Every structure is written in structure tokens, then in C-alpha cells.
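Build out the structure end to end from the sequences listed, making use of the hints.
Taken in sequence, the protein lines are chains A and B. Residue numbers for the first sequence follow this note's numbering, so the first one is 72 and each next one is one higher. Residue numbers for the second sequence follow this note's numbering, so the first one is 72 and each next one is one higher.
Take the hints with a grain of salt, since some may be wrong.
Since the list can't tell identical chains apart, any single copy or any two copies may satisfy a pair.
SDA-like mimics (lysine to any residue), calculated; alpha carbons at most 25 angstroms apart, straight line [unchecked claim]:
#	residue 1	residue 2
1	K199	D182
2	K304	R185
3	K199	G303
4	K316	F166
5	K199	A184
Everything labelled a hint here was simulated from the structure, so no lab data went into it. Remember, predicted model here, so these are calculated numbers, not experimental data.
There are 2 protein chains.
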Amino acid sequence: MDSLPALDPDASAEAIPGSAAAEAPTFLDRLFDAGLLVRTGVDGLYGRSGAFESVVDALDRLISRLGGEDGAEVMRFPPGMSRPAFERSGYLKGFPHLAGTVHSFCGNEADHARLLACVEAGTDWTEKQAATDIVLTPAACYPLYPTAAARGPLPEGGLLFDLQSYCFRHEPSLEPTRMQMFRMREYVRMGSPEEVLAFRELWLDRGTTMMAGLGLPLAVDLANDPFFGRAGKMLANNQRNQNLKFELNVPVNSVEKPTACLSFNYHQDHFGTTWGLTQADGNVAHTACVGFGLERITLALLRHHGLDLAQWPADVRSTLWG
Amino acid sequence: MDSLPALDPDASAEAIPGSAAAEAPTFLDRLFDAGLLVRTGVDGLYGRSGAFESVVDALDRLISRLGGEDGAEVMRFPPGMSRPAFERSGYLKGFPHLAGTVHSFCGNEADHARLLACVEAGTDWTEKQAATDIVLTPAACYPLYPTAAARGPLPEGGLLFDLQSYCFRHEPSLEPTRMQMFRMREYVRMGSPEEVLAFRELWLDRGTTMMAGLGLPLAVDLANDPFFGRAGKMLANNQRNQNLKFELNVPVNSVEKPTACLSFNYHQDHFGTTWGLTQADGNVAHTACVGFGLERITLALLRHHGLDLAQWPADVRSTLWG
Numbered sequence: 072m073d074s075l076p077a078l079d080p081d082a083s084a085e086a087i088p089g090s091a092a093a094e095a096p097t098f099l100d101r102l103f104d105a106g107l108l109v110r111t112g113v114d115g116l117y118g119r120s121g122a123f124e125s126v127v128d129a130l131d132r133l134i135s136r137l138g139g140e141d142g143a144e145v146m147r148f149p150p151g152m153s154r155p156a157f158e159r160s161g162y163l164k165g166f167p168h169l170a171g172t173v174h175s176f177c178g179n180e181a182d183h184a185r186l187l188a189c190v191e192a193g194t195d196w197t198e199k200q201a202a203t204d205i206v207l208t209p210a211a212c213y214p215l216y217p218t219a220a221a222r223g224p225l226p227e228g229g230l231l232f233d234l235q236s237y238c239f240r241h242e243p244s245l246e247p248t249r250m251q252m253f254r255m256r257e258y259v260r261m262g263s264p265e266e267v268l269a270f271r272e273l274w275l276d277r278g279t280t281m282m283a284g285l286g287l288p289l290a291v292d293l294a295n296d297p298f299f300g301r302a303g304k305m306l307a308n309n310q311r312n313q314n315l316k317f318e319l320n321v322p323v324n325s326v327e328k329p330t331a332c333l334s335f336n337y338h339q340d341h342f343g344t345t346w347g348l349t350q351a352d353g354n355v356a357h358t359a360c361v362g363f364g365l366e367r368i369t370l371a372l373l374r375h376h377g378l379d380l381a382q383w384p385a386d387v388r389s390t391l392w393g
Numbered sequence: 072m073d074s075l076p077a078l079d080p081d082a083s084a085e086a087i088p089g090s091a092a093a094e095a096p097t098f099l100d101r102l103f104d105a106g107l108l109v110r111t112g113v114d115g116l117y118g119r120s121g122a123f124e125s126v127v128d129a130l131d132r133l134i135s136r137l138g139g140e141d142g143a144e145v146m147r148f149p150p151g152m153s154r155p156a157f158e159r160s161g162y163l164k165g166f167p168h169l170a171g172t173v174h175s176f177c178g179n180e181a182d183h184a185r186l187l188a189c190v191e192a193g194t195d196w197t198e199k200q201a202a203t204d205i206v207l208t209p210a211a212c213y214p215l216y217p218t219a220a221a222r223g224p225l226p227e228g229g230l231l232f233d234l235q236s237y238c239f240r241h242e243p244s245l246e247p248t249r250m251q252m253f254r255m256r257e258y259v260r261m262g263s264p265e266e267v268l269a270f271r272e273l274w275l276d277r278g279t280t281m282m283a284g285l286g287l288p289l290a291v292d293l294a295n296d297p298f299f300g301r302a303g304k305m306l307a308n309n310q311r312n313q314n315l316k317f318e319l320n321v322p323v324n325s326v327e328k329p330t331a332c333l334s335f336n337y338h339q340d341h342f343g344t345t346w347g348l349t350q351a352d353g354n355v356a357h358t359a360c361v362g363f364g365l366e367r368i369t370l371a372l373l374r375h376h377g378l379d380l381a382q383w384p385a386d387v388r389s390t391l392w393g
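Right under this line is the structure:
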């Protein structure tokens, strides 16, 4: 369903379908037609045009400016992480269905001939692929925790990191905001409960101000992660009851199901305990992160200000490109 | 072996081991110790510091400036591509051992319980992972060809594209220049044989000038891809005999085995035929690409100018950061 009404008549540079929604091209189709996203034949896997990337890059710089005074340590991980670290992280307990393991051919020349025969015949050639030591990164901060823990106890006052990477989630979808491969920018705070909660409050403020300044209608809502199965329902309820996760939502695909563009997560001592990460005083460290969905914010801007970047409101353009 | 002599005494800001090489820390160790690369526990999979990334970003911008007048269409693909497109590309014929397929859990709650029991027991939980529709991108240009072919015949004069993405090759190594996940910047030319060969000549010149301007010792050599198996030897010989691939090599890990930092590839009609890509006159299109290994060039700079970016020669710093 593609039924976002024009929330602001002045911002309806892009034609937003009303009652004729059923016949109108979807937002995804219009992104393809405008050349902003590029089809690959796989739902949720798209190429990006130079114009699309110019927005992603501008957002990345804007987020750097917002956090620029905080002295975060910049670290950039590739789109995959160590499988042993991934296994230990606990991700498989909550989200086995979203993870992507990387597999490779480890056979000899006869195996290779069989593989090519399968490809030729259109039958399954992937069964013999063996798992490598690499799993695709599910969220930009997952490779960070073991790295930080390896340095020893946190210094007095804790630590702050600045991350960005491509992430993978296996959830093929026709909603352009639900990509299988997308970029997440993050700030991650490690320290005492008070320090990390103050960090989360700060970024709830900053993130809300940033998105309002970009002319986007938004709501901050209590949220939960998409845990797997029936047991996952309980985990999701716990997460909500403890106010651990907030999301900043913007209507993109529809008003009824707005899109989480930023998320603010308090992990309590989950990663501290998992990785043996301690505060300067020896207590287990608490952690929190703020995550920015760079493609999602870009899509929100395209939805609300139209597909032609040159026609975006002057103040939005000025915020992004100075 | 880590035996690079100081090729230019003025550029030996970084201690380069001489006869005491056997006892000296490796280049990789020194990169870890300086915090430029970050251990993940997997050979060839590393985090990057902010300083390392500042070089990668500067190189990316420098390459954009060099090609800025050519009117290339910017396109950015995520680090994975469509599996059907990958199968059709022919990559599995030459390089089955380097490819990385992405697999996911597709079971129910009972399967999930078994998976977690395997993880807990330290036994293999990956066997039941099923191949998704995504394969990790082996070279930045692989997702481009089907995309370009879907547009129909090339216009008069052909097309030129500007690409960059993380790529994957399953070749765990302790040489820092042989990463499993790394970024490749590319320009890709599609057109007549004359057009694409002229493009390759132009970039052989530009690339050589660029690298010399960065104070790097270099050699341009005829090369071949690392084809698999005995049949691959013949493919490699053919590639050499036809002068299809050149590499711009810089000593990084050693003088004896210099590192290919740029590569210049003429594919003849391989991709044109594979994807039904034709020239404006109906003839099958030829293609060529120039690829820049962004981490490799960064490592070459660190090796030759030292691990402290602030101490790099003024002209190199000025070329990179203006």
C-alpha cells in the first residue's frame, strides 16, 4: 500500500497518490523511474545514483557536525565481522532469520567441474559452499564491542565511538525503506548507566532537532527489536517495559506504518557482560547507541520534498550542502 | 617476509627492517600497534581508524578530480549483488575459490533451538543455512553490466561509469594488502574496441602520474587474474598473450612481490556478449575498466611515507588534502 497523503501541501513536489493509490506507481517504482535507485532483480538490493549518494554523503557530514564537539573516536569496519565474535554477541538468539553468513567454495578441480555443471543446468550449486569465518555485519556497532573490550577496562568517564558501515538483514521487501543492504551511522557510548543514559537523552534531542530541521514530520516512539518466534515476543515486551529502545519515525511508505529513521538503544550491561567490558571502577560497563539509517533518512527526504533535489526547500538544501 | 628496503632515505619515516627482518615486527603488526588497522581475529578482515579512512577518502576525491572532466555517470552498488547475475557473469568459471555467497537461516522455532544448541556446544550451526539471492560483490563493476544492458543499446560514443564498493575475496592472508573485504574504485568504459582501448591508455597515463605524484615507486606490468586450477593456467596465459591486463605495482609487503594498486583491464566482448550489450551500430559492445585498490594505495603510502600522516611529505599531503 502506498497511501501517504501530502502532509504539507508546499512539500508535495513529488506526486503523492490519494484515492487512486491502487493504480498509481509505488514509491519504489518512482524511485526506479527517476533513476535514484537501480534495479538488481533482488528485492531490497539496489544500486544508488550519484544524486542519491550525494544526499547520503551530506547526511553523514551533518551527523558528524552534530557530534563534532564530543570527541568520538572514529572507527570504520567493513561490511562483515568475525564469525566467532558474531556467535558470542547473542544476535543469533534474537534474530537468526536476519543474519547472513558468508560461504565459499573449498573444493578441488573435480568439485569445480560439478559446480559449473550445476550452474549450467540451473540446479543448486550452493550446497557445497562452506561457511567462512565471516558473517555480514547486522548493525554497525557489533564489531566494536569485542574490539573495545580487548583494550582493557574503560578509562574514567568511559568512551565514545563514531561508526558507519553497510549492514545486512535478510528481509527481502518491496518497501524501499527495508533494504537487505543499507548503511547505518552510529555513535556508541560505553560507561556507567548514568553516562550512557545521558548520551541517549542528548541524541534524542539532537536527532529530533536534526530531522525537524530537515522538514520531516516525525514522532518519537517506544519500540522493540524484531525478535524471532514466540519466545521473541517476551523479549520484545521486556524491551518495551524497560524503555530500552526508542525510534524516530517518519511516514515514508505510509502514514499508518511510519519508518524508523533513527533509533536510540540502551543495552544495559548486555554487551558489557558478553565481552567482559568493565568501567574504570571495575563494574561491568553499560552501553548505548544512536543509529541513523542513512538510506531511510534519504528516502524520507525524497518522499517529503520530491524526487528532484534541486527543488528541495532552500533551508533543507542549505542544511545539507551549506 | 617483510624485507622492504628504504627506497628513498628521505621517505623512511617508518622504520623499515633491513637485515634484522626476521625479528622485526611485520608491517601488519606495526599497523595494528599504530592503531591504523584494528584486529578482528580474522586474517584479512580489519577495522580502520579515522586516520586510515581520511587517506581512503582523500584518494577517492583525488580519483574523482582526475576523472572529473569525463562526464562519468556515478553509480554506487552495495557490497552484494544478485546471485542470478553473478552466476551468469562467468566469475565462477575462473574464480570459484574467491567468491562469497550469503546464506541465511530459514527454519522454524525447533530449528532455531537446534541452531542455538550447536552454537552453545561449539559445533557447526551453519550447515542448515540456505543460500540467499545475494553474492558478495567480487569487483565493483560486476553489478554494473546487467544494469547497463537493461537500458538497451549504448548511445553513439558509448558510456562511462564511476563506481566504488566494498568487494569480497576469500583469500585469508597475513599480508595487509590482501584483505578479504576492501574497497575498489572503478571507472568502466563501454563502447567500440577503439573507444575502450583509448580509455585504458588514458588511465594508464593518469594512474601512473597520480601514483608518481604521491611519491610512490612504481612499475607497470603485464598481468593476469588468479584463475583457479590447471585450466586456469591456460586462461591466464591467454590473458597475458593478448595484453588484456596491466597492473601498476608498488612494493609494500616486499620488493620481490610488489602489490598491484591499480589495474587496467580490457575485457574485449566478454561482458558485452554475456549480457547482450550492444553498441549503437548493433555490434556487440567491448568494455574496459580501471580499478583502484583504495586500501592498497593507502597501505603503499603508509609504507613509503611512514605511519604518521602529519609527517608525510608536504607535496603528498597537499595533493591529498589540498
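> Checking K304 and R185: alpha-carbon separation at most 25 angstroms within a copy, between copies, both or neither?
Replying inline: Only across copies: K304 and R185 sit 19 angstroms apart there, 44 angstroms inside one copy, limit 25 angstroms.
>> My question is about K199 and G303: at a cut-off of 25 angstroms on alpha-carbon distance, are they close within one copy, between copies, both, or neither?
In response: Classified as between; 21 angstroms across copies, 32 angstroms inside a copy.
> Is it within, between, both, or neither for K316 and F166, if the alpha carbons may be no more than 25 angstroms apart?
Replying inline: within (16 angstroms within a copy, 44 angstroms between copies)
>> With identical chains, the pair K199 and A184 could be close in the same copy or across copies; at 25 angstroms between alpha carbons, which is it: within, between, both, or neither?
In response: both (13 angstroms within a copy, 24 angstroms between copies)
> Between K199 and D182, at a C-alpha cutoff of 25 angstroms, which is it: within one copy, between copies, both, or neither?
Replying inline: Classified as both; 9 angstroms inside a copy, 20 angstroms across copies.
The structure fails none of the hints (numbered hints given earlier).
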